[in-house]
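Model the full assembly from the supplied sequences, consistent with the hints where possible.
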Amino acid sequence: MLRSGVLRSRSASNLMGFTLHRLKKRLAAIVAYTADWALFIGVVLILGLGSSWYMVERGSPLTTLTAGPWVSWVSAARVDSDPYTRAHEARLGILPLSTEIAQTFIARTDSEGRALHSSCDYIVEGHELPTHWWSLTVFDSQGRLIPNTLGRSAYTSDTMAIRGNGTFLATLSRDAHPGNWLPIGGAGRLALVFTVLDHGSRSLTQGEEVVPFLPAITRKEC
Amino acid sequence: MLKKLWARVTNINVPLVAAALFASAILHILATLATPLFTPSSAYDRLARALTANTMHLLPEVAPGAQPLPFLSSDARYAVCHFDTSDGAVSLSAVLPEPGWMLALYSPQGEAFFTSVGTPVRRTEVSLMIVPGEDIWRMGARPTGLVTGLTSRGTLTTTVSRDSMLTIPANEGIAVLRAPDQGEAYRNRTLAELGRAVCRPHKSRTS
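Heads up: the protein sequence lines correspond to chains A and B, in order. According to my numbering, numbering within the first sequence proceeds without interruption in unit steps and concludes at 222. According to my numbering, numbering within the second sequence proceeds without interruption in unit steps and concludes at 429.
Hints in this document: simulated from the structure, not taken from any laboratory. All values derive from a computational prediction rather than experimental measurement. Heads up, the beta-carbon is just placed ideally off N, CA and C, and yes, glycines get one too. A few of these clues could be false.
Said to hold, decoys possible - Below, simulated SDA-like cross-link-like pairs (lysine to any residue); rule was C-alpha separation at most 25 Å, straight line:
#1 B:Lys226 <-> A:Lys220
#2 A:Lys220 <-> A:Arg163
#3 B:Lys225 <-> A:Ala35
#4 A:Lys220 <-> A:Leu45
#5 A:Lys24 <-> A:Leu47
#6 B:Lys226 <-> A:Ile30
#7 B:Lys226 <-> A:Arg163
Said to hold, decoys possible - A few chain A positions that, by computed beta-carbon distances, are all more than 12 Å from chain B:
#8 Leu15
#9 Met16
#10 Arg22
#11 Leu27
#12 Tyr54
#13 Ser81
#14 Gly113
#15 Ser153
#16 His177
#17 Gly188
#18 Thr195
#19 Val211
#20 Leu214
#21 Lys220
So, in structure tokens, the structure goes:
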């Protein structure tokens with residue numbers, strides 16, 4: 001009587017153990033399956049959205065022309081522009097000049113790759129482009145003009161003081177400087193835009209011909 | 223630890239990885255194409271909303287706090303026309319007297335489907351009749367009479383002849399006339415030239 005009771009209790013505990021083991025295995029399988037799917041979804045989101053964001057925000061050699069700190073979207077505002085360029089323009093909310101007639105370069109870093117910031121002074125030095133109209137404008141990182149008492153945010157080929165040897169030098173700083181001075185006080189991160197407009201000569205705006213004329217941006221002090 | 227990691231790597235579910243890459247590519251394409259659609263307000267919308275249709279507007283000087291669009295430089299003055307051809311053709315004329323002057327016609331998608339620039343050798347006069355694509359046949363014009371290829375670089379220096387007809391990809395768009403800032407001394411002359419630009423509903427000669 002007692003023996004049969006012990007046997008029954010042992011088989012009951014075995015059954016319980018077996019059921020627990022099966023439950024554990026099933027739970028592990030569910031966790032592994034869920035983890036695989038979570039990993040799958042994570043990879044898809046990171047790769048899909050991340051790569052799209054990068055291509056729209058930064059561009060690639062297929063969509064942009066990069067020379068030092070200067071970046072230009074090569075098919076901006078064109079009828080045959082690529083989806084990345086269209087998305088880039090939409091994200092920024094801009095109506096750019098068409099690359100049919102102009103090249104617009106934007107720099108967010110100095111020539112050594114350090115982010116442009118209003119707490120530093122910069123020298124922008126370049127060569128005049130005698131056969132092309134061009135301009136140099138400073139914005140904050142969101143594309144807003146920087147308030148200043150002079151109301152000055154840009155120099156053009158008509159208004160920039162050019163040196164005798166055909167070069168120009170502009171200073172970006174909080175404090176006033178003699179010569180071509182662009183005030184940047186209180187703006188935080190900066191974006192510098194260099195625009196070259198075609199005269200219809202078909203020589204410069206094809207892209208890489210502009211590159212040797214792009215000004216160098218040198219940080220002086222912070 | 224390394225062994226475990228290696229075992230995990232060798233146990234990769236290849237079909238799942240391939241599916242992840244494929245799904246990533248699909249998501250990449252969809253996200254890129256959808257970006258312009260999910261932008262709350264495009265540059266075109268912001269400009270067009272503020273303008274009366276078929277009238278040339280001289281925009282105030284671009285200044286801090288008074289920028290119609292981000293990254294719109296203060297290196298120029300702008301005259302803008304929101305043209306709408308749903309009630310008929312629109313006449314547009316402008317003079318590009320010097321280098322730095324530019325006329326561009328943008329579609330609602332932000333494509334510049336017509337561009338012309340000022341040249342150093344002569345004053346470029348642009349006079350266009352803008353008609354929507356399907357109207358060209360109703361108006362009796364022959365396709366050979368169209369100004370074609372205007373967006374190609376080869377025609378940038380062409381002085382567009384009077385009454386040239388330009389078909390547009392949509393019923394509406396924005397014409398931007400850009401005059402470079404040449405300094406205080408030239409400001410009045412620049413404004414006068416911009417003020418001469420015309421954008422108005424086209425009146426046919428017979429009516």
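Quick rundown of the hints versus the structure:
{"no.": "1", "hint": "B:Lys226 <-> A:Lys220", "result": "53 Å, violated"}
{"no.": "2", "hint": "A:Lys220 <-> A:Arg163", "result": "20 Å, holds"}
{"no.": "3", "hint": "B:Lys225 <-> A:Ala35", "result": "21 Å, holds"}
{"no.": "4", "hint": "A:Lys220 <-> A:Leu45", "result": "42 Å, violated"}
{"no.": "5", "hint": "A:Lys24 <-> A:Leu47", "result": "34 Å, violated"}
{"no.": "6", "hint": "B:Lys226 <-> A:Ile30", "result": "21 Å, holds"}
{"no.": "7", "hint": "B:Lys226 <-> A:Arg163", "result": "68 Å, violated"}
{"no.": "8", "hint": "Leu15", "result": "33 Å, holds"}
{"no.": "9", "hint": "Met16", "result": "32 Å, holds"}
{"no.": "10", "hint": "Arg22", "result": "23 Å, holds"}
{"no.": "11", "hint": "Leu27", "result": "20 Å, holds"}
{"no.": "12", "hint": "Tyr54", "result": "10 Å, violated"}
{"no.": "13", "hint": "Ser81", "result": "7 Å, violated"}
{"no.": "14", "hint": "Gly113", "result": "22 Å, holds"}
{"no.": "15", "hint": "Ser153", "result": "5 Å, violated"}
{"no.": "16", "hint": "His177", "result": "19 Å, holds"}
{"no.": "17", "hint": "Gly188", "result": "14 Å, holds"}
{"no.": "18", "hint": "Thr195", "result": "7 Å, violated"}
{"no.": "19", "hint": "Val211", "result": "19 Å, holds"}
{"no.": "20", "hint": "Leu214", "result": "17 Å, holds"}
{"no.": "21", "hint": "Lys220", "result": "24 Å, holds"}
The structure does not agree with the numbered hints 1, 4, 5, 7, 12, 13, 15, 18 stated previously, though it agrees with the rest.
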